[in-house]
Amino acid sequence: MLKEIILSDYKRCGIQKISIGRLFSVFYIQPNPGLKFMTIFRLTQHYRRKNRMLFYFFFWWLRRLKVKYGFDISYRTQIGKGFYIGHFGNIVIHGDTVIGDNCNISQGMTIGVSNYGKKKGVPTIGNNVFIGPNAGVFGNITIGNNVTIGANSVVTESIADGKTILPATSIILDKDLSSYYIQNAK
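For the sequence shown, position 133 matches number 113 in my numbering, and the numbering has no gaps at all.
Do not rely on the hints blindly, as some may be mistaken.
Think about it this way: if two alpha-carbon atoms lie no more than 27 Å apart in a straight line, the pair counts; the simulated BS3-like pairs of lysine-lysine are [claimed, not checked]:
1. Lys48 x Lys(-9)
2. Lys61 x Lys(-9)
3. Lys61 x Lys30
4. Lys61 x Lys98
5. Lys46 x Lys61
6. Lys61 x Lys(-17)
7. Lys143 x Lys155
8. Lys98 x Lys48
9. Lys100 x Lys155
10. Lys143 x Lys100
11. Lys(-3) x Lys(-17)
12. Lys99 x Lys143
13. Lys61 x Lys(-3)
14. Lys30 x Lys16
15. Lys46 x Lys(-17)
16. Lys155 x Lys98
17. Lys100 x Lys48
18. Lys16 x Lys(-9)
19. Lys16 x Lys(-3)
20. Lys100 x Lys30
21. Lys46 x Lys30
22. Lys(-17) x Lys30
23. Lys143 x Lys(-9)
24. Lys98 x Lys46
25. Lys46 x Lys16
26. Lys48 x Lys99
27. Lys155 x Lys61
Per label pair, the in silico range of CB-to-CB distance [claimed, not checked]:
28. Leu157 x Glu(-16): 18 to 24 Å
29. Lys30 x Gly101: 41 to 47 Å
30. Leu146 x Pro11: 20 to 26 Å
31. Asn132 x Tyr96: 32 to 38 Å
32. Tyr161 x Asp81: 53 to 59 Å
33. Tyr96 x Arg29: 30 to 36 Å
34. Ser(-1) x Leu34: 19 to 25 Å
35. Gln87 x Arg29: 37 to 43 Å
36. Glu(-16) x Tyr161: 25 to 31 Å
37. Asn125 x Ser158: 25 to 31 Å
38. Ser159 x Asp81: 25 to 31 Å
39. Lys143 x Arg28: 44 to 50 Å
40. Lys98 x Lys(-3): 43 to 49 Å
No wet-lab data here; the hints were simulated from the structure. Glycine residues also receive a C-beta, built at the ideal position from the N, C-alpha and C atoms.
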C-alpha cells in the first residue's frame, strides 16, 4: 500500500517506476522538492503507528525539509494519492485538512482554519482539485471534485463539483499614494 501511494505521487511527475537510482536522482542529482517532501511525508505517516524509531527518524527529516523548502504541511494532514506540488515555497496546509486524490497545489497557497462563526474549522478538498499560486482556502467548507481555484483567489464558501474560482478584479484609484509607501527615497 505504501509503495503504491508513493508511486502515485511519482506518476504525477511522469515517473512510472521507482528504483534506488530514481530515488537518488529525485533526492540528490536533480532534486525535486515536491517529490522529496512527499516521499518523506508518506514514510512519516506510514511509520507513525508501526515503528516509533522509524517514525521519529522520518519525522525529524520532514521537519528539516519543511524549513528548507517552505512547506508547512503537518504529517497529520490526510492527503490522497497522486498529490502534486508544482513549485516550492510558502505552502501552508492545516494539520486537520483532508485532501482528495490527484490534487495540485502551487506556491504561496494556504489551506487554513477559521476560528469563529458558522464556518469554524478547516476545509475538506475533493479529488482532482487545482489550487493556484497565492490562493487561500479557509474555514469549515467543502471544495468539490474537479474544481480549479485560480491564482490569488480567497475561498471562504463551499464550492460544488466542476467549478472554477477566479479572483476579483483590481480596483484602480485615480490618486497617487506612492509617497505613503516609498520611504527614504532621494
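Status of the hints after comparison with the structure:
| no. | hint | verdict |
| --- | --- | --- |
| 1 | Lys48 x Lys(-9) | holds (24 Å) |
| 2 | Lys61 x Lys(-9) | holds (10 Å) |
| 3 | Lys61 x Lys30 | holds (20 Å) |
| 4 | Lys61 x Lys98 | violated (30 Å) |
| 5 | Lys46 x Lys61 | holds (20 Å) |
| 6 | Lys61 x Lys(-17) | holds (11 Å) |
| 7 | Lys143 x Lys155 | violated (36 Å) |
| 8 | Lys98 x Lys48 | violated (36 Å) |
| 9 | Lys100 x Lys155 | violated (38 Å) |
| 10 | Lys143 x Lys100 | holds (23 Å) |
| 11 | Lys(-3) x Lys(-17) | holds (10 Å) |
| 12 | Lys99 x Lys143 | holds (20 Å) |
| 13 | Lys61 x Lys(-3) | holds (16 Å) |
| 14 | Lys30 x Lys16 | holds (22 Å) |
| 15 | Lys46 x Lys(-17) | holds (22 Å) |
| 16 | Lys155 x Lys98 | violated (38 Å) |
| 17 | Lys100 x Lys48 | violated (31 Å) |
| 18 | Lys16 x Lys(-9) | holds (14 Å) |
| 19 | Lys16 x Lys(-3) | holds (15 Å) |
| 20 | Lys100 x Lys30 | violated (33 Å) |
| 21 | Lys46 x Lys30 | holds (23 Å) |
| 22 | Lys(-17) x Lys30 | holds (15 Å) |
| 23 | Lys143 x Lys(-9) | holds (25 Å) |
| 24 | Lys98 x Lys46 | violated (32 Å) |
| 25 | Lys46 x Lys16 | holds (11 Å) |
| 26 | Lys48 x Lys99 | violated (33 Å) |
| 27 | Lys155 x Lys61 | violated (50 Å) |
| 28 | Leu157 x Glu(-16): 18 to 24 Å | violated (55 Å) |
| 29 | Lys30 x Gly101: 41 to 47 Å | violated (29 Å) |
| 30 | Leu146 x Pro11: 20 to 26 Å | violated (33 Å) |
| 31 | Asn132 x Tyr96: 32 to 38 Å | violated (24 Å) |
| 32 | Tyr161 x Asp81: 53 to 59 Å | violated (44 Å) |
| 33 | Tyr96 x Arg29: 30 to 36 Å | holds (33 Å) |
| 34 | Ser(-1) x Leu34: 19 to 25 Å | holds (21 Å) |
| 35 | Gln87 x Arg29: 37 to 43 Å | violated (32 Å) |
| 36 | Glu(-16) x Tyr161: 25 to 31 Å | violated (52 Å) |
| 37 | Asn125 x Ser158: 25 to 31 Å | violated (44 Å) |
| 38 | Ser159 x Asp81: 25 to 31 Å | violated (51 Å) |
| 39 | Lys143 x Arg28: 44 to 50 Å | violated (34 Å) |
| 40 | Lys98 x Lys(-3): 43 to 49 Å | holds (48 Å) |
When each numbered hint is compared with the structure, violations occur for hints 4, 7, 8, 9, 16, 17, 20, 24, 26, 27, 28, 29, 30, 31, 32, 35, 36, 37, 38, 39.
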